[in-house]
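Sequence lines, in order, name chains A and B. Going by our numbering, the final residue of the first sequence carries number 300, and the count climbs one at a time with no gaps. Going by our numbering, the final residue of the second sequence carries number 300, and the count climbs one at a time with no gaps.
Be a bit skeptical, because a hint or two may be false.
[What the hints assert, rightly or not] Within a straight-line C-alpha distance of at most 20 Å, the following computed SDA-like cross-link-like pairs (lysine to any residue) qualify:
hint, chain 1, residue 1, chain 2, residue 2
1, B, 120, B, 200
2, A, 129, B, 222
3, A, 129, B, 234
4, B, 120, B, 204
5, A, 129, B, 233
6, A, 129, B, 236
7, B, 129, A, 229
8, A, 120, A, 295
9, A, 110, A, 86
10, A, 110, A, 85
11, A, 129, B, 226
12, B, 129, A, 235
13, B, 87, B, 126
14, B, 129, A, 223
15, B, 87, A, 173
16, B, 129, A, 227
17, A, 87, A, 129
18, B, 87, B, 127
[Stated by the list, open to error] Derived DEER-like restraints, expressed as beta-carbon distance ranges:
hint, chain 1, residue 1, chain 2, residue 2, range
19, B, 125, A, 126, 49 to 57 Å
20, B, 206, A, 130, 29 to 37 Å
21, A, 262, B, 172, 38 to 46 Å
22, A, 294, B, 167, 38 to 46 Å
Think of the hints as simulated: they come from the structure by calculation, not from any bench. Glycine is no exception: its CB is placed at the ideal position from the N, C-alpha and C atoms.
There are 2 protein chains.
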Amino acid sequence: MQLKLYGYWRSSAAYRIRIALNLKQLKYELAPVDLRKGEQHHEELKSRNPQAMLPVLTHGDRVFRQSMAIIEYLDETFEGRGYRLMPVELRERARVRAISQTLACDIHPLNNLRVLGALETRFGASEVQQQDWMRHWMHLGFAALETLLAENPSTGEFCEGDAPTMADCCLIPQVYNALRFNLDMLPFPTIERIYRTALALPEFAAAQPESQPDASA
Amino acid sequence: MQLKLYGYWRSSAAYRIRIALNLKQLKYELAPVDLRKGEQHHEELKSRNPQAMLPVLTHGDRVFRQSMAIIEYLDETFEGRGYRLMPVELRERARVRAISQTLACDIHPLNNLRVLGALETRFGASEVQQQDWMRHWMHLGFAALETLLAENPSTGEFCEGDAPTMADCCLIPQVYNALRFNLDMLPFPTIERIYRTALALPEFAAAQPESQPDASA
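Given only the sequences and the hints, what does the whole structure look like? Please build it.
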């Protein structure tokens, strides 16, 4: 069955899925949806996701939404192929999910385009105020994550152990956003180290926004 | 091993865990943390969760954070006990996770106390503007969820089939919030029907905020 990813080069939630697909050694068709042009509200996407949000992954005629749900679906469906994105041990599974959710629930949703738009429309937030808002939530989330990663012996080359998991699929795109918006990364050496380690792997490198066919110059 | 829940009666993320614990027929000790008094920043909580957020669940000397991670941990650890909170079939698992994440990533984190506080501090958002902000994200998320629930034959008495899953653990607390802040529920008949069905079960009823020992009058 064919895999098709509806994504946008700069969507960090879509970036998570590109990493996961690469780590699972899965080929997929890319269907670019330009968020800046509002294409997520077009029928092709909205009929598959009434939330009008990215990413959406189709697998044959099955439609999947929500990045962490998609990553676990891929890992469970293609067990034994590529990297294992979820550990076997129950406590480690919970830790990988908790790190992922810190990123995907408590940082990213506060900073996406629709929220920044609402800040502008409702409160007249300027570009500077919007970026300050983003950095505030990234700093708070990263500060907690840095502690959790630095203090836990389960942390290895990657967030959990020495191989990439779902947690790294979520972390690396958030660091990309942080660098893009000039967050001071000095307080987060463990996060930065994992970022550099990950991007040295071809599976992460090939998933980078600027390497995507729909990336604008 | 003893289970201990750090929660707050009105925290909807803690409410999710109370439902899950009840559905798994698990006894637990409750450690109330008063968010209104900022007790999440006290050492007892913050040493267990550097995010200074609820809920935190301890299981013996193990510490777990992030509500969906906790629910899946409980379901995997206490397999065969009480209700199964995650289906077996892979597509159904993905659907339960996606519904849960729509609530726990795209609605709730935009509306919690720290975000409302930031809207007030940064943009002078009034009480009325804050509540309007909350209703905006609840309406958007519920509109998408209503479509997903109403149009999918997998929906039964509950979000997925005829027994409660993690998706219902996440949905019911969000409806509680919606009712509390006077969201018009008329456009969401499927969500409302599931809410009524769930609260008829003792496991949901006993988890309600107003039934908690730390609830204020």
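Open item on the list: Of the numbered hints stated earlier in the document, which are not met by this structure?
Closed with: none
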